[in-house]
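Participant: So you can see what is in the structure, the chains are spelled out below.
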Amino acid sequence: MLRRTALAAASLLAAGLLVLTACSGGGGSAAPTTPGEPDPDASVAIRLVLEPSNLDIRETAGSALDQILVDNIYQGLVARTPEQDVVPALARDWTVSPDGLTYTFTLREGVTFHDGQELTPQDVVWSLTTRRDTPAWRDASRLANVTSITAEGQDITLTLTEPDSSLLWNLTGRAGIVLKEGDTVDYKTKANGTGPFVLTQWRQGDSITLERNDAYWGEASGAAEVVFDYIPDNQAALNAALAGEVDVLTGFDANLKEQVEQNGDFALVLGKSTDKGTLAFNQTSGPLADKRVRQAIRQAIDHDAIIEALASGQTQYGPIPELDPGYEDLSDVAPYDPEAAKELLEDAGYEDDLELTLTIPNFYSTTIPQILVSDLDEVGITLEVDSVDFTTWLTDVYTNHDYDLSFVLHTEARDFENWADPDYYFTYDNAEVQDLYAQSLAATDESEAADLLEQAARIVSEDAAADWLYNGASVVAIGRNVVGMPTVNVNERLNAAEIAKSNG
Amino acid sequence: MIRYTLTRFALLLLGLLVASVLIFVTLRVLPGDIAHLIAGVGSTPEQQEAIRERLGLDRPLPEQYLTWIGGLFRGDLGTSLLTGTSVVDELAEKAEVTVPLGILSLTIAVVISVPLGVLSAMRRGRAAGTGLSVGAQTLAAVPVVWAGMMLVVVFAVWLGWLPAQGFPRSGWSDPWAALRSLLLPALTIGIVEGAMLLRFVRSATLQAVGQDFVRTAAAKGLTRDQALIRHGLPVVGLSVITVLGLQVAGIIVGAVVIEQLFSLPGIGRMLVADVAARDLPKVQGELLALTGFVLIVGFVVDLVHRVIDPRQREAP
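First to last, the protein sequences are chains A and B.
Here the first sequence stands for residues 1 to 504, numbered as in the working numbering.
Here the second sequence stands for residues 1 to 316, numbered as in the working numbering.
Mixed in with the good hints, there may be bad ones.
In silico contact screen, one side only, chain A against chain B (beta carbon under 7 Å); selected entries [to be verified]: (1) 184; (2) 188; (3) 302.
Over the 12 Å line for every Cβ pair with chain B, so calculated as not near, a few chain A residues [what the hints assert, rightly or not]: (4) 55; (5) 59; (6) 88; (7) 149; (8) 254; (9) 285; (10) 331; (11) 362; (12) 431.
These are calculated hints, taken from the structure and not from any lab test.
Even for Gly, the Cβ is constructed at its ideal location relative to N, Cα and C.
Could you build all of it, start to finish, from the sequences and the hints given here?
Facilitator: Now the structure itself:
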């Protein structure tokens, strides 16, 4: 999934502003106050960057929707923790047969939908079957090799044609969401789930409000109300925080750390994330079909300088980030070395005359293109930056593969599949990688599956199939009176159930 | 007068028709596809085609245009492709923010510009007049975004008097809170537009000073200032009304920027989001409503002008 994180745009104007705010700070920040008792009636306002275009969890794509609806409103048999572990949700527990072909889940009793109707095993069977059989629903294909879904008492059994080491993980996402059978709710603007919150108001272009679900089967949420405020601009978000209008900022710019912390009401936290700043190479033809050119570009880029400029995140030299299974430090594959890059380019027959275009969605900040232009210039590559809006990007780059280089922040966890799919816009085609990935899926043992992914990831990196500019951090500014705010991978999932706020 | 009104009205309708065709055609030229946006990355061409068909985007363009215009006559601007809600309803909801913001901005602009503009003209050559003139010139050159940020820093972040962004979720049910949240954005637009208007009022006043009837009044024993205020200002007022009509367009453009900056859920912010999402029926409706508004204001200004100014009535 692609994710828009619009970083500060009007940097020039912001600079002037920052000078002023800096003057107002009066030096040291106030000592942080110890949080008082959590107030069960509190309303917590959380700034988010990207608003979903509608709320239809069945069809509409985009992690903006998963971020707020999955866990909070909709639930599946299983869920995942921010640390990416699979845990029970609507299923109390589950067993997997040794051959990896049968999954049996025991459904909790006493679960109700937000409209008051009780959740039945039949709802689960219907949801999963309909998801699998309706191609228009997101992630339908993730259940493709589930042959039967049946219920007996509270037990729900999934039978597979072949083992699938990613099934449980997939069930924690859209593919596993349990809806009411034949629900007539207007999914585009309303929601009816089983989660700890009820969706009470959506003011388009402004905010989405969730209220505590008093009939929730699990532990009641810490706050009575959570309001997601959509404020795309970082400067506006900072102002809102300083004026006390929001309690938490997500998707923030780590460069504004001092500004947000100056009055002592907020603390900036950098959590890990599976965001991968990916520089894709169209390697079907032209200069980038030559591995030496791709390798040269990788070695020409100063990855540490990028991390420094973003003031957050860490380097990542392969397709798998640290939070996902199969991670390995691959920094030895493409160390920063402009001299080596020049030699590679010379070998490939491009001396000082290579011109390439970078196609980049226009909601990203100019930081990355600026660094790329100057780094590549050092080794004799002229990079032209073509900033396009997202729909254009979808058509030109994603669908038609009409590009040289493209930058997108891929946020989805465990998305190695794209490197095993030659039709994906990465245009990377390697039979060995595809085979290793298939083996990893078919593995019945988790560590074996991870090991196979690790092998495949090294090949992808050694082939210079792309460059990974950075592994982003989840930058969150949290009010000192707020506890329980998740900080890991919040761009993709934001479980608000444990957030609580004190008035002290 | 009746004939003039009818002719002017026919022109208004023609303007709207031309605008509607232009809006429709230009939007079709934009690259990008909403079906793909809804289906998302990882979707198959078949899935996108199914969505396109469901939304009626596979039909010929003239047919789509006629459906749209046909609906317009019934007061129906169509439905959003993304949320399925009525465009008219959405516009009405967002107008609750944008219209008061516009009125407030215009009021502030007038309150600033008229007295100061006249004063600046009357004190021409003296320190106060020059100061005002230079100040207005400077303010008029200030980008709206920058002015907004400065106001936020002073009034929201430092002083904490006014909210930095957003609009109360309960809307106008708490009028004071709603008004407070519009004050900084309206000031931002009002000051910048007011500065531009001030320069106009100043030159209109200076022109009036040189007019024969003002000089005649002065010759009859009034002071220059008295003559100007009693006889010159009505003429200045007339031209100010015309410029105000033009100013409305500027205020709408200002609102698009300012709503973004202050996170106000108004028409401008909705428009920006809908263009990005290629929700064409909505963008069409929004643009037509805004264009229509500007055209209607122009129409009204022309009529008012004719009613007030006797000199125009004799003209054919």
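Participant: Evaluate each hint against the coordinates.
Facilitator: Verification of the hints:
| no. | hint | verdict |
| --- | --- | --- |
| 1 | 184 | 14 Å, violated |
| 2 | 188 | 5 Å, holds |
| 3 | 302 | 29 Å, violated |
| 4 | 55 | 8 Å, violated |
| 5 | 59 | 7 Å, violated |
| 6 | 88 | 28 Å, holds |
| 7 | 149 | 23 Å, holds |
| 8 | 254 | 20 Å, holds |
| 9 | 285 | 22 Å, holds |
| 10 | 331 | 29 Å, holds |
| 11 | 362 | 9 Å, violated |
| 12 | 431 | 22 Å, holds |
In the structure shown, a violation is registered for the earlier hints numbered 1, 3, 4, 5, 11, in ascending order.
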